[in-house]
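Going down the list, the sequences are from chains V and E.
Residue numbers for the first sequence follow our numbering, so the first one is 201 and each next one is one higher.
Residue numbers for the second sequence follow our numbering, so the first one is 201 and each next one is one higher.
There could be a bad hint or two in this list.
The list treats identical chains as one, so a pair stands whether inside a single copy or across any two.
[Claimed, not checked] Keeping only pairs whose Cα atoms sit at most 30 Å apart, straight-line, the calculated BS3-like set for lysine-lysine is:
(1) K522 x K512
(2) K416 x K595
(3) K416 x K585
(4) K471 x K512
(5) K585 x K400
(6) K320 x K258
(7) K302 x K595
(8) K595 x K309
(9) K232 x K361
(10) K436 x K232
(11) K320 x K527
(12) K541 x K583
(13) K585 x K309
(14) K400 x K583
(15) K522 x K447
(16) K205 x K258
(17) K361 x K595
(18) K522 x K471
(19) K439 x K291
(20) K521 x K258
(21) K516 x K302
(22) K232 x K416
(23) K471 x K521
(24) K583 x K512
(25) K300 x K619
(26) K232 x K595
(27) K516 x K583
(28) K400 x K232
(29) K583 x K619
(30) K361 x K310
Treat the hints as calculated values from the structure; they're not laboratory data.
Protein chains: 2
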Amino acid sequence: MSESKVVEIICVGTEILLGNIVNTNAAYLAEKCAQLGLVNYYQISVGDNRERLTECIKTALSRSDIVILSGGLGPTEDDLTKETAAEVAGKSMYLHEESKRKIEEYFAKKGLEFTENNIKQALIPEGAIILDNPNGTAPGVIIPYENKHIVLLPGPPIELKPMFENKVIPFVRTLVPGVILSQTVKICSVGESVLETRIKDLIDNQTNPTIATYAKTGEVHVRVTAKAENEAEAHKLIKPMVNELKKRFGNNIYTTDENVSLEQSLVDLLKASELRITTVESCTGGMVASRIINVPGCSEVIKAGYVTYSDKAKRKLVGVKKSTIDKYGAVSAETAVEMAKVPEMGPRADIVVAVTGFAGPDDTPEEPRGLVYIACNVCGNVKVKECHFRGSRQKIRESATTEALVLARMCLLDYFNEKTFKE
Amino acid sequence: MSESKVVEIICVGTEILLGNIVNTNAAYLAEKCAQLGLVNYYQISVGDNRERLTECIKTALSRSDIVILSGGLGPTEDDLTKETAAEVAGKSMYLHEESKRKIEEYFAKKGLEFTENNIKQALIPEGAIILDNPNGTAPGVIIPYENKHIVLLPGPPIELKPMFENKVIPFVRTLVPGVILSQTVKICSVGESVLETRIKDLIDNQTNPTIATYAKTGEVHVRVTAKAENEAEAHKLIKPMVNELKKRFGNNIYTTDENVSLEQSLVDLLKASELRITTVESCTGGMVASRIINVPGCSEVIKAGYVTYSDKAKRKLVGVKKSTIDKYGAVSAETAVEMAKVPEMGPRADIVVAVTGFAGPDDTPEEPRGLVYIACNVCGNVKVKECHFRGSRQKIRESATTEALVLARMCLLDYFNEKTFKE
Chain V
201 MSESKVVEII CVGTEILLGN IVNTNAAYLA EKCAQLGLVN YYQISVGDNR ERLTECIKTA
261 LSRSDIVILS GGLGPTEDDL TKETAAEVAG KSMYLHEESK RKIEEYFAKK GLEFTENNIK
321 QALIPEGAII LDNPNGTAPG VIIPYENKHI VLLPGPPIEL KPMFENKVIP FVRTLVPGVI
381 LSQTVKICSV GESVLETRIK DLIDNQTNPT IATYAKTGEV HVRVTAKAEN EAEAHKLIKP
441 MVNELKKRFG NNIYTTDENV SLEQSLVDLL KASELRITTV ESCTGGMVAS RIINVPGCSE
501 VIKAGYVTYS DKAKRKLVGV KKSTIDKYGA VSAETAVEMA KVPEMGPRAD IVVAVTGFAG
561 PDDTPEEPRG LVYIACNVCG NVKVKECHFR GSRQKIRESA TTEALVLARM CLLDYFNEKT
621 FKE
Chain E
201 MSESKVVEII CVGTEILLGN IVNTNAAYLA EKCAQLGLVN YYQISVGDNR ERLTECIKTA
261 LSRSDIVILS GGLGPTEDDL TKETAAEVAG KSMYLHEESK RKIEEYFAKK GLEFTENNIK
321 QALIPEGAII LDNPNGTAPG VIIPYENKHI VLLPGPPIEL KPMFENKVIP FVRTLVPGVI
381 LSQTVKICSV GESVLETRIK DLIDNQTNPT IATYAKTGEV HVRVTAKAEN EAEAHKLIKP
441 MVNELKKRFG NNIYTTDENV SLEQSLVDLL KASELRITTV ESCTGGMVAS RIINVPGCSE
501 VIKAGYVTYS DKAKRKLVGV KKSTIDKYGA VSAETAVEMA KVPEMGPRAD IVVAVTGFAG
561 PDDTPEEPRG LVYIACNVCG NVKVKECHFR GSRQKIRESA TTEALVLARM CLLDYFNEKT
621 FKE
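Assemble the whole structure, with the sequences as input and the hints as a guide.
Dropping the structure here:
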């Protein structure tokens, strides 16, 4: 097998240089390239300026095999990525009739007027591969240049991502002899440093497949990547490593599918068990419900939720006793447990997850910032967890939200294990 | 006044190149630099690699006056930003006793053990300005180099941001003769293209101050920037432009303070009027409550919220009539209005904002994706708004959330205008 190909990512747009937008395209492209086994040494952001863009593309070509540019393919005069890249590669442009027709169709379908400046988007550098854009007007292109490639993608993520998935990934695979495949094992309830200690032997001895850890809020992803002559061989290399991780982390692994989020895995589990979840939130104030409801098709498993930010709301909406709050405080294991025992006021709830905590910004001995109690009630079995989170108010609330989803998932699994055991 | 200084931003970290994290530091630094009147042509991300980092710093120094680097100041062997920058600038390093003492104190305060490798963080290049880091261990430094400056900042945003605000901004101001000041006018309920048409004359005739527009989800920010010999002069230039914007956009301006968010402005308005808000959410599923609750000190004005995702929850939790849902559907102006008339089950609510809509991913004639109704009830006066949002499920939910906050604010202002008019 040959050496790894080097990729450079160039994001074009004055809005990036002004800090108007956060450059999520760079992170997306970098992660996908890593999965493809490409090595990335530089990411560049540059404005819609012909001279500086030319310089960036030339430098990138001097040190990389594949140069991916995003942005600047639109119809306006500011958009000059394609023209500039073609010039650097010494290619002239021609009008691609089929692309023009597709752009006209796109406008017609959306009920928009086709203006002449849009023709610019159908100009294609000679010899380039055209990447259809079903989600917008500007097609992408791949310009071959000596033994290298310049890949031009539209800036909007909703256009860039499907184009990369469906067109660029298959193309890049043809450049690399053999295949590079990776699988992501997503692990919750285990901290990054603990996890790394527990797989130190695997990390130290890695060759093919390689393994890499990625810390996220409240979870860690382990990516197993194999190089092989074909897909079947790559799978054969990946499988034992994934099985080893499964052996070591068991139920802490919530998915081995790159595209499944923690909330998706919880929704799937609830669907499979025909159970319904209800949320009762104080400091997270709706974030737990919101994450579950972001999963398409969640309506089978979540019907209702309560935001009980004040003491009175905790009493009136979900029946926490005044004496409990008076004696233990609103942020206490006892209050969390009572929040999770929400009476049957709304639709049926089999599982209730409740969160109460101090998110700050204040941090006093009486109200220590980051102290959060999370309780989970699965058909009457209530568990409660004390957590200590760090960071800003927003960060603490995000951490508490993730931990609530994790606890709900764990309690659900425990419930089924016990049930199975008893049966 | 002299020409603008050029700044280059270099973010250091292998995790960026692997796409493990989204580079929010670059956007933050770019926006702050734009506000300072600095011009940014390039943003670079590079790994923890001495050779490539050296090359990036040299290139940046060849074309910029100020080079800002973030990341790689920590205690591990991988962290080599400071050593590399010092080497490029030809400075040796010395142990700064006070920084060492501060790091030791930081560890003691957190109850953590001080390990020897942390001393590395107290090594400072000769002649550098030291930037205290109250939120972490690694101090920042500014290395003067010929007539240029290399600014080194820690990677974690919670350390980088306060250090930039409190230390770097005042320093940069000393480099620029005269002052550059900007004020941000935040406008809601006006689309970007409509807004640009309404201020086309101001944009076309701008000299000093300049104006720039920034589109955000559901709002547009207009930044007015003036260059002058001193702060008072700059304010004098900015004021007439801000007043002109106020004249044109009136109540659509929710703040002229850069640091005030839409939810903060709503909370402030509620506090000033001693009114309390309650949320009733279907498709947004807790996002409206969550954004309000992210504002520190919100507990005066929000006590409770309801997530009523199912029809039954809408009936049982907030008393929507079955006949209303049967006749008009769960996503309808009628249902939204009834949701906003939540009976007095929980703590007192003066204002109720309710959201119901189709967030997708399905998009059918019966359930058109993006159709959202938002109702707002201020002390019995109910208004309802039909919205059509575009994008992914998440994006539609975010747009609906912003619009709910905007509607609550507008209804509140109307309520007071009418009240004042009647009195």
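Outcome of the hint check:
| no. | hint | in the structure |
| --- | --- | --- |
| 1 | K522 x K512 | both (8 Å within a copy, 29 Å between copies) |
| 2 | K416 x K595 | both (12 Å within a copy, 22 Å between copies) |
| 3 | K416 x K585 | within (20 Å within a copy, 38 Å between copies) |
| 4 | K471 x K512 | between (33 Å within a copy, 19 Å between copies) |
| 5 | K585 x K400 | within (28 Å within a copy, 57 Å between copies) |
| 6 | K320 x K258 | within (24 Å within a copy, 38 Å between copies) |
| 7 | K302 x K595 | between (44 Å within a copy, 25 Å between copies) |
| 8 | K595 x K309 | between (42 Å within a copy, 21 Å between copies) |
| 9 | K232 x K361 | both (10 Å within a copy, 29 Å between copies) |
| 10 | K436 x K232 | within (22 Å within a copy, 50 Å between copies) |
| 11 | K320 x K527 | neither (71 Å within a copy, 48 Å between copies) |
| 12 | K541 x K583 | within (11 Å within a copy, 35 Å between copies) |
| 13 | K585 x K309 | between (52 Å within a copy, 25 Å between copies) |
| 14 | K400 x K583 | neither (32 Å within a copy, 60 Å between copies) |
| 15 | K522 x K447 | neither (46 Å within a copy, 51 Å between copies) |
| 16 | K205 x K258 | both (17 Å within a copy, 26 Å between copies) |
| 17 | K361 x K595 | both (27 Å within a copy, 15 Å between copies) |
| 18 | K522 x K471 | between (35 Å within a copy, 26 Å between copies) |
| 19 | K439 x K291 | neither (45 Å within a copy, 51 Å between copies) |
| 20 | K521 x K258 | neither (69 Å within a copy, 66 Å between copies) |
| 21 | K516 x K302 | neither (57 Å within a copy, 49 Å between copies) |
| 22 | K232 x K416 | both (17 Å within a copy, 27 Å between copies) |
| 23 | K471 x K521 | between (32 Å within a copy, 28 Å between copies) |
| 24 | K583 x K512 | both (24 Å within a copy, 28 Å between copies) |
| 25 | K300 x K619 | neither (61 Å within a copy, 56 Å between copies) |
| 26 | K232 x K595 | both (26 Å within a copy, 22 Å between copies) |
| 27 | K516 x K583 | both (23 Å within a copy, 27 Å between copies) |
| 28 | K400 x K232 | within (25 Å within a copy, 41 Å between copies) |
| 29 | K583 x K619 | within (16 Å within a copy, 50 Å between copies) |
| 30 | K361 x K310 | within (21 Å within a copy, 43 Å between copies) |
Consistency note: the structure conflicts with the earlier hints numbered 11, 14, 15, 19, 20, 21, 25.
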